[in-house]
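Need the complex rebuilt from these two chains, each delivered in its own frame; the hints are there to steer you.
As they're listed, the protein sequences go chains D and G.
First residue of the first sequence: 100, per my numbering; consecutive thereafter.
First residue of the second sequence: 157, per my numbering; consecutive thereafter.
The hints are simulated quantities; they were obtained by calculation from the structure and are not laboratory data.
Remember, it's a predicted structure, so these values are computed and weren't measured experimentally.
The C-beta atom is built at its ideal place from N, Cα and C for all residues, glycine as well.
Treat the hints loosely; a few may be bogus.
Covered by chain D, according to a simulated footprint, are these stretches of chain G (three or more residues, beta-carbon under 8 Å) [said to hold, decoys possible]:
(1) 375-383
(2) 391-403
Sample of chain G residues lacking proximity to chain D, with all beta carbon distances greater than 12 Å (derived) [unchecked claim]:
(3) Leu165
(4) Met185
(5) His415
Here are the computed lysine-lysine pairs in the DSSO-like style, where the Cα-Cα straight-line distance is at most 27 Å [as the list claims (entries may be wrong)]:
(6) D:Lys121 - G:Lys374
(7) G:Lys315 - D:Lys121
(8) G:Lys466 - D:Lys115
(9) G:Lys172 - D:Lys115
(10) G:Lys182 - D:Lys121
(11) D:Lys103 - G:Lys466
(12) D:Lys115 - G:Lys182
(13) G:Lys469 - D:Lys115
(14) D:Lys115 - G:Lys174
(15) G:Lys224 - D:Lys177
(16) G:Lys191 - G:Lys265
(17) D:Lys103 - G:Lys469
(18) D:Lys121 - G:Lys172
(19) D:Lys177 - G:Lys191
Listed below are the residues making up each chain.
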Amino acid sequence: MAGKDWPLWEVFIRSKVGLNHKHVGSIHAADGEMAVENARDVYTRRSEGISIWVVESSQIFASDPADSDALFEPADSKIYRHPTFYEVPDGVGHM
Amino acid sequence: MKEQNLADLEASFNEKLKQDIRIEPKDWMPDAYRKTLIRQISQHAHSEIVGMLPEGNWITRAPNLRRKAVLLAKVQDEAGHGQYLYSAMETLGFSREQSIDDMHTGKAKYSSIFNYPTLTWADMGAVGWLVDGAAIMNQVPLCRTSYGPYARAMVRICKEESFHQRQGYEIMCTLMKGSEEQKAMAQDALNRFWWPALMMFGPSDAESTHTQQSIDWKIKRHTNDELRQMFVDASVPQAELIGLTLPDKDLKWNEERGHYDFGAIDWEEFKQVVSGNGPCNAERIATRLKAKEDGLWVREAAMAHAEKKKAKKAS
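The following block holds chain G by itself, in its conformation from the complex (with noise of 0.2 Å):
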């Protein structure tokens, strides 16, 4: 390509973020915002599909059969997110099969808050009142994210999502009626799930490599940091609202900046999880690898049998 018209390009680009009209699939793109996307849209993707194990696992053990009817829409909710996100990276010219191939050999990252075990029914109400709530606080934003076909499949899973921070709230309320032990049980999970979730914004804005660049071309809105403390301002009060109390002490409303100040995050445990060495790491891409190498007969027999179907209509 010529240079004058390369420089064009970048510059009607360029424009377009300017006035906010959104990037679509075959518009000009340049290669690294290309890969950005992809990196953070297969990302989400393998999130929304690895989180369907943490709860998963309590399908069957729900306490009742409303709980266990909610926890399975959830969860397949989930499963449609996964979908809808998918579709949308693979309109950028990459294949789902080699993203998903990606994660299993750890090329890929996944959210890792879904690299921590649910041990009690209460993880339940945590995870979806802090887990889904801090998933919200940073897609809200994400429906006005550039790239077309992202924004849109992101106004679908905000809508879907606001029943998942609500039925988990709900869970954690209930608890908070109970018996002692059953207060006991929900505080626990919040003392386990709370700095796990303050993890999921990502990196410090010091520390973030891609944040600035992702701003400058309108991929992301809001820095981690200010995501952060947006999802802390809005859960203190839903705390104390039902008797639970956040894990910091440094946790204090701080009048002049208007917000509340907290503690400071492990973030070699951050490092830990990311990198492989969280608890469930290995468990969660051996429980996905299964479900590929699993479900690879169903596919090829499905493929199969469409192609049956096709000789015979042709003869």
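Chain D extracted, bound-state conformation (with noise of 0.2 Å):
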């Protein structure tokens, strides 16, 4: 095949008023006005959000796989940032 191929894109819906967009796949598409209207088509066909966010997949910069022991491993060891984690007399109800 002859020619450039189309850019991929990374696809983000809102499915309903008022949340966050959310990532649900990518589209190849010549720009971004055609990557919506390919997302429209292929990831909303029954309503499934009021809104599309693309950006192109080259402009994502991620974390390596490799790195999420080490990179997440703090949170793990910090239970205190957990409300459950002090202990409140049972009379004071919801806090």
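Dropping the structure here:
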């Protein structure tokens, strides 16, 4: 096949009013406008969304899965970041 | 813009508010709505950042390693909350740097509570219990505020905030089970923080210039006085349960209203603290300014390093 491949775009969909856009997958398209249209056709055929964001995949800078242990380990030992770590008297109700 | 066009845009904006549809960054919104949000969100962000200082004061002097780790985690959270909020504010087209400079010149405000000193370890208890408690009272309804990025930041913040109040109350509980000196220290912290905590909700409804418009725009869901009352009602039993006395001789359960009546707030003190004359205003701003200036070379070095890396890759 002659010519140039369309670039890859990552697709983010807002499923409902007020929620964050969430990553759903990717799509090929010649430009951003087309990527939104293609994403509409591929990812929202059953009303899965009310808003679409696309960003060229080459623009995404990601953490390396091989580094996950070292990257996220520091949070594992910090149970005091959770409310259940603290003891308050029974009668105090919701706090 | 044609007049008809503008009227249509306004009508569609108002319809969204009516139906509780969140306003998102790219939606049309009235200038005054945008300005109000920039003012409120930046003030909120500055409060998180300046709020790190009174507690940071005790990290190196926490009574044991557990308390120290907890306090450190809490102050880290406040830094993170400031970041969420500045990011939400930036979606409105206002720069973070400008906003921070506005705080340093006094043009932008932060919560008046952080202009009080933290004199003893018990203040860490009072701050967590009351200051974070008041903040939570304020923040929970903001999870449903009409501007999408602000509401989503608040959901995140509220989830993380729940440990803050509990750790503060736990400190108070521990002190109240201790020696006479420790009990007195807890009571003294409560005496100093109770009234400033009530002032955190802002001027009374009769005096508040922004409240009604903010409620119409569904930015705010309750008035200052409503939130203050909710806070008093929640705090009284918490104090009683561990043997603390709220420093208000007029505090009394009102059967008819179904709420606690409480004494008059010293609004002159509030005005003084907000306008820069509180015990620590100058110190707080000087500390923030120094942090910005001392960090400048780091920010510049990081940028230079990134550019160098980029040039290397390109060549």
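These are the hints, each one checked on the structure:
| no. | hint | verdict |
| --- | --- | --- |
| 1 | 375-383 | violated (count 0) |
| 2 | 391-403 | holds (count 4) |
| 3 | Leu165 | 18 Å, holds |
| 4 | Met185 | 16 Å, holds |
| 5 | His415 | 16 Å, holds |
| 6 | D:Lys121 - G:Lys374 | 26 Å, holds |
| 7 | G:Lys315 - D:Lys121 | 20 Å, holds |
| 8 | G:Lys466 - D:Lys115 | 39 Å, violated |
| 9 | G:Lys172 - D:Lys115 | 14 Å, holds |
| 10 | G:Lys182 - D:Lys121 | 18 Å, holds |
| 11 | D:Lys103 - G:Lys466 | 26 Å, holds |
| 12 | D:Lys115 - G:Lys182 | 16 Å, holds |
| 13 | G:Lys469 - D:Lys115 | 41 Å, violated |
| 14 | D:Lys115 - G:Lys174 | 17 Å, holds |
| 15 | G:Lys224 - D:Lys177 | 12 Å, holds |
| 16 | G:Lys191 - G:Lys265 | 14 Å, holds |
| 17 | D:Lys103 - G:Lys469 | 24 Å, holds |
| 18 | D:Lys121 - G:Lys172 | 23 Å, holds |
| 19 | D:Lys177 - G:Lys191 | 39 Å, violated |
In terms of the numbered hints stated before, the structure departs from hints 1, 8, 13, 19, listed from lowest to highest.
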